[in-house]
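Q: Residue-level listing of the chains:
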Amino acid sequence: MTVRDIIKRFTFIEIFQGMALTLRKMFSRAVTIQYPKERRPIAPGFRGQHALAKNPDGKAKCVSCGLCATICPSQCIYVRRKEDGQENYEVDVLRCIFCGFCVEACPYGAIVLTENYEYSGYTKEEIYLTRSKLLANWDKHMAGKKGEEYFRKFWRPMSGDFGTPPAQSGFKGKKE
Amino acid sequence: MEPVEKIFDTRELNVNMGPQHPATHGVLRLVLDIDGETIVKVTPYVGYLHRGIEKLGESMSYFQALPLTDRMDYVSAMSNNIGYCVAVEKLYGIEVPERAKFIRTIAGEMSRIANHLLWLATHALDIGAMTVFLYCFREREWILDLYEMICGARLTVTYPRVGGVRNDVQQEFLESLWKFTDEFPSRILEYETLIDQNRIWLLRTKGIGVISAEEAVNWGMTGPTLRGSGVPYDIRKFMPYDAYDKVDFEVPIGTVGDTYDRYRCRMLEMRQSNNIIRQCIEKLPAGPVMADAPKFTMQPKDKMMPITHPTKQHAFFIKEKACKGCGMCLRACPAKAIFGEKKKPHAIKQDMCLGCATCYVTCKFKALVIVPAGKGLSDEKLAELAEAPVPEEITKASEYLVRQFEFVKKGPKVPEGEIYVATEVPKGELGFYFVSDGSAKPYRMRVRAPSFVHAGCLPRLCAGHLVADVIANIGTIDIVLGECDR
Numbered sequence: 001m002t003v004r005d006i007i008k009r010f011t012f013i014e015i016f017q018g019m020a021l022t023l024r025k026m027f028s029r030a031v032t033i034q035y036p037k038e039r040r041p042i043a044p045g046f047r048g049q050h051a052l053a054k055n056p057d058g059k060a061k062c063v064s065c066g067l068c069a070t071i072c073p074s075q076c077i078y079v080r081r082k083e084d085g086q087e088n089y090e091v092d093v094l095r096c097i098f099c100g101f102c103v104e105a106c107p108y109g110a111i112v113l114t115e116n117y118e119y120s121g122y123t124k125e126e127i128y129l130t131r132s133k134l135l136a137n138w139d140k141h142m143a144g145k146k147g148e149e150y151f152r153k154f155w156r157p158m159s160g161d162f163g164t165p166p167a168q169s170g171f172k173g174k175k176e
Numbered sequence: 001m002e003p004v005e006k007i008f009d010t011r012e013l014n015v016n017m018g019p020q021h022p023a024t025h026g027v028l029r030l031v032l033d034i035d036g037e038t039i040v041k042v043t044p045y046v047g048y049l050h051r052g053i054e055k056l057g058e059s060m061s062y063f064q065a066l067p068l069t070d071r072m073d074y075v076s077a078m079s080n081n082i083g084y085c086v087a088v089e090k091l092y093g094i095e096v097p098e099r100a101k102f103i104r105t106i107a108g109e110m111s112r113i114a115n116h117l118l119w120l121a122t123h124a125l126d127i128g129a130m131t132v133f134l135y136c137f138r139e140r141e142w143i144l145d146l147y148e149m150i151c152g153a154r155l156t157v158t159y160p161r162v163g164g165v166r167n168d169v170q171q172e173f174l175e176s177l178w179k180f181t182d183e184f185p186s187r188i189l190e191y192e193t194l195i196d197q198n199r200i201w202l203l204r205t206k207g208i209g210v211i212s213a214e215e216a217v218n219w220g221m222t223g224p225t226l227r228g229s230g231v232p233y234d235i236r237k238f239m240p241y242d243a244y245d246k247v248d249f250e251v252p253i254g255t256v257g258d259t260y261d262r263y264r265c266r267m268l269e270m271r272q273s274n275n276i277i278r279q280c281i282e283k284l285p286a287g288p289v290m291a292d293a294p295k296f297t298m299q300p301k302d303k304m305m306p307i308t309h310p311t312k313q314h315a316f317f318i319k320e321k322a323c324k325g326c327g328m329c330l331r332a333c334p335a336k337a338i339f340g341e342k343k344k345p346h347a348i349k350q351d352m353c354l355g356c357a358t359c360y361v362t363c364k365f366k367a368l369v370i371v372p373a374g375k376g377l378s379d380e381k382l383a384e385l386a387e388a389p390v391p392e393e394i395t396k397a398s399e400y401l402v403r404q405f406e407f408v409k410k411g412p413k414v415p416e417g418e419i420y421v422a423t424e425v426p427k428g429e430l431g432f433y434f435v436s437d438g439s440a441k442p443y444r445m446r447v448r449a450p451s452f453v454h455a456g457c458l459p460r461l462c463a464g465h466l467v468a469d470v471i472a473n474i475g476t477i478d479i480v481l482g483e484c485d486r
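Each protein sequence line maps, in turn, to chains W and G.
Note that the numbering used here has the first sequence beginning at 1, numbered continuously upward.
Note that the numbering used here has the second sequence beginning at 1, numbered continuously upward.
Since the hints were made in silico from the structure, they are not lab data.
Be aware that a few hints might be false.
Claimed, not checked - No more than 30 Å apart at the CA atoms, straight line, and that leaves these computed lysine-lysine pairs for DSS-like: (1) G/K321 - W/K54; (2) W/K59 - W/K172; (3) W/K61 - W/K172; (4) W/K61 - G/K349.
What the hints assert, rightly or not - If you want the ones that stay clear, here's a sample from chain W, every Cβ over 12 Å from chain G, calculated: (5) Q34; (6) K37; (7) E38; (8) P41; (9) R80; (10) E104; (11) Y108; (12) G109; (13) S120; (14) G121; (15) I127; (16) Y128; (17) K140; (18) K145; (19) F162; (20) T164.
Fair warning: this is a prediction, and the values are worked out from it, not measured in the lab.
Even for Gly, the Cβ is constructed at its ideal location relative to N, Cα and C.
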């Protein structure tokens, strides 16, 4: 044991260094947020609650081809055609794992995952999504520009992904 | 004088630790045989979190089984995804574009940092350092936010795909990640200020769970747990996958092989990961992010647009002459809009047709035709229009559409054979072993999980130590029971 070690041992220097750090942090800005009052910004393309996309004329884009139901790893999408000709499109949200495969598989751009993540309920029926609820979700969270933006950015893969698009993000150099 | 044991009549005590114990990192049950405070024997019991991921994988196509790997090691889901994709790509025999490789490397190293941060946080918390926990989670949160920027999810990312990645990275993502890498080394210094020289930390980690290099290899350890003993084995160096052969990094190793060495190894590894990310951002080439292997990937959506765009009011029509009456389309139609008897030409009831193109895709005899802008027309008119040549735009789009339907409904056929591909995940060597019988689903999927092997090393590490050191040992091998039990 060198003299230095002995000094270290009796002066508790490393303990004080650590405590000085925590003391400094006392005066820095808090990193936590008070959730219901403040909300953290959600990145675009967040995989949240489902919605069925609508055309500009207000009709649903979905044609019930069932590709989403086939690719779904948790088998939570039910596409049926009722006897009276009424289409039935249901998403069992409690089973869903939000992988986004349904969005990828759909050739019609009919299903999207919105940025809504606050939809808790007391019963299963409240959370269970039927066709009408899914269409209402579109109006609520994705209508207008937002929906277009979503398809432009996150409806993948596009042919640009298989080739080199003209503009592609890259390293722009260090910022001063 | 009689031995102490005789005087006090001591005997070995059999104690359960877990499965519900906050410091066991999941649902790990340890049965301890203790003599006073000293461990005589530790028997780990695993399987409380068994969800049958390997068996589930056999009933899903290779594409579908990807989210299962998220749920194995949920602390570093991205690395698991990448490991799975690398393995399946090798089985398919497809090459990933350069840009996708770099993006994957970035994502994988982010996952390594996120994993080591959580490991340090909980390991320090177990040993008794509360502040480190909070500081580590501050940075981990930052990484999770960055994950959200690239793929829309924070924990179960499902970002890489077989053949590339889900979507290209955005400029703002690269910029925030660069900012993170600028900041991160100073944050590591903060953790080290708190615990690196702290006398309590040193007492709790130095000389605990010592394992020699030879023994560590024999017990099957991998990753930082092995490197702490001084074995410079890293799959990123020895069998480079993705872009690891294009970046410079060192493999930090320990000397003694105790808990403190493994801690040092992981701290240095975080710095190396930070370096790798910076190099990858600088070198990130332009180019495609999905492999050009149409059979094995989803089809480009815009290519299908001439048929699938909502404003295109196409009608589907069955040519009477060509229809053999096989009934394939009849069974496939989700709207039940196709009628007809067996071996006689079928017909579509146009008012019931939804226009999903399922019949078009299933028909083997090319009896089905797409009539452009034919919705709402009568059957006679459609029959007349159906004889006209189909526009080239639609023929091309239909090729993509057929392939998309086939990819989703059947999955690509895989060459027969077996394959084992190992990748370096933060915890060690994660291997995927596939046996393929030539169908679209794996005949057998087996995962070599580092956590499982490391949990098996616990008896060796804990023997002779005190009960409190069991916690330090569980922390130091960095296990996640989701991966261990699968």
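Q: Over 12 Å from every CB of chain G: does W/P41 meet that, or does the non-interface label fail?
A: Given a closest Cβ separation of 9 Å, the condition is violated.
Q: Given the proposed pairing of W/K61 with W/K172, does the C-alpha separation stay at or below 30 Å?
A: 39 Å, violated
Q: Run the C-beta distances from W/Y108 to all of chain G and say if the shortest one exceeds 12 Å.
A: At roughly 5 Å from the nearest Cβ of chain G, W/Y108 sits no farther out than 12 Å, so the non-interface label is violated.
Q: Far enough from chain G: is every CB of that chain over 12 Å from the CB of W/Y128?
A: 21 Å, holds
Q: Confirm or reject the statement that W/Q34 sits farther than 12 Å, beta carbon to beta carbon, from all of chain G.
A: 15 Å, holds
Q: Are all C-beta atoms of chain G more than 12 Å from that of W/K145?
A: Answer for W/K145: holds, closest chain G Cβ roughly 18 Å.
Q: Is the Cβ of W/G121 more than 12 Å away from each Cβ in chain G?
A: 22 Å, holds
Q: Determine whether the non-interface label on W/E38 survives the test: each CB of chain G must be over 12 Å from its CB.
A: 15 Å, holds
Q: Could you let me know if the closest chain G CB is still more than 12 Å away from the CB of W/K37?
A: 19 Å, holds
Q: Please verify that the nearest CB of chain G lies beyond 12 Å from W/G109's CB.
A: Given that some Cβ of chain G is not farther than 12 Å from that of W/G109, nearest at about 7 Å, it is violated.
Q: Beyond 12 Å from every chain G Cβ: check whether that's true for W/S120.
A: 18 Å, holds
Q: Is the nearest Cβ of chain G still more than 12 Å from the Cβ of W/E104?
A: Non-interface label fails for W/E104: nearest chain G Cβ at 6 Å, not farther than 12 Å.
Figure legend: structure checked against the earlier numbered hints; hints not met, in rising order: 1, 2, 3, 8, 9, 10, 11, 12, 19 and 20.
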